[in-house]
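The working numbering puts the first residue of the sequence shown at 3, with every later residue one more than the last.
Don't take each hint at face value.
Unchecked claim - Listed next, with one range per pair, are the computed distances between beta-carbon atoms:
# : residue 1 : residue 2 : range
1 : E153      : S112      : 52 to 60 Å
2 : N146      : I19       : 13 to 21 Å
3 : D11       : N120      : 25 to 33 Å
4 : N120      : F60       : 31 to 39 Å
5 : V111      : I23       : 32 to 40 Å
6 : I19       : N80       : 36 to 44 Å
7 : I23       : A81       : 33 to 41 Å
8 : E59       : S108      : 30 to 38 Å
Source of the hints: derived by calculation from the structure; they are not laboratory data. Think of the CB as a built atom: it goes at the ideal place given N, C-alpha and C, for glycine as much as any other residue.
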Amino acid sequence: MDSLPTKTDFWTELNDIDNLINEPWCIAGDYEILYSSERRELSTSLPQQNFHKWISEFSLIDLPIPNLQFTWSNFRENASCSRLDRCFVNPEWMLKLPKTNLTGFSRPVSDHCPLLVNSSLPIGDPTPFRFENMWLHHKEFKRNISNWWAEEVSSR
């Protein structure tokens, strides 16, 4: 009979995946482990220590959730609240998508908050198009426009 996978199996599998690709990647979900980049003294259990080790080894960036402090609650009278849901990105991700951010939403049904990873490709400062009417009177204008339109443009 096969045993259930452990968190250690999960970290090992992620390690194997990271070794296969050298691309930006993002992983989000319910880790069911407390983590605080500021307070490392919380990592007392072996799963927490492995979690911290995994984050550290891959230089992962824990995306903040500006609008939420917690992502989980047991909804009891003396509620227990934690941030169990997280999104981690590797440094390559942040180089390609530096404006990535995380937004949390209210939890109408689940005991976990849904999270939205929002990223966009960086767009450089747009160069404004400028047109001077005097160009219309330039003797080479029509020929230059025809040549420019015929040129093949390559993407960056």
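Beta-carbon spacing of N146 to I19 - inside the hinted bounds 13 to 21 Å or not: violated, 52 Å
Distance restraint evaluation - E153, S112, Cβ atoms, bounds 52 to 60 Å: holds, 54 Å
Consistency of beta-carbon spacing, A81 to I23, with hint 33 to 41 Å: holds, 40 Å
Range hint 25 to 33 Å (beta carbons of D11 and N120) holds or violated: holds, 31 Å
Consistency of beta-carbon spacing, F60 to N120, with hint 31 to 39 Å: This hint is violated: roughly 22 Å between Cβ atoms.
Range hint compliance [Cβ, V111 to I23, 32 to 40 Å]: The hint (32 to 40 Å, Cβ to Cβ) holds, given that V111 and I23 are roughly 35 Å apart.
Outcome for the supplied range 30 to 38 Å, where the beta carbon pair is E59 and S108: holds, 34 Å
Distance restraint evaluation - I19, N80, Cβ atoms, bounds 36 to 44 Å: Holds, since I19 and N80 (Cβ atoms, about 40 Å apart) stay within the stated range.
When each numbered hint is compared with the structure, violations occur for hints 2 and 4.
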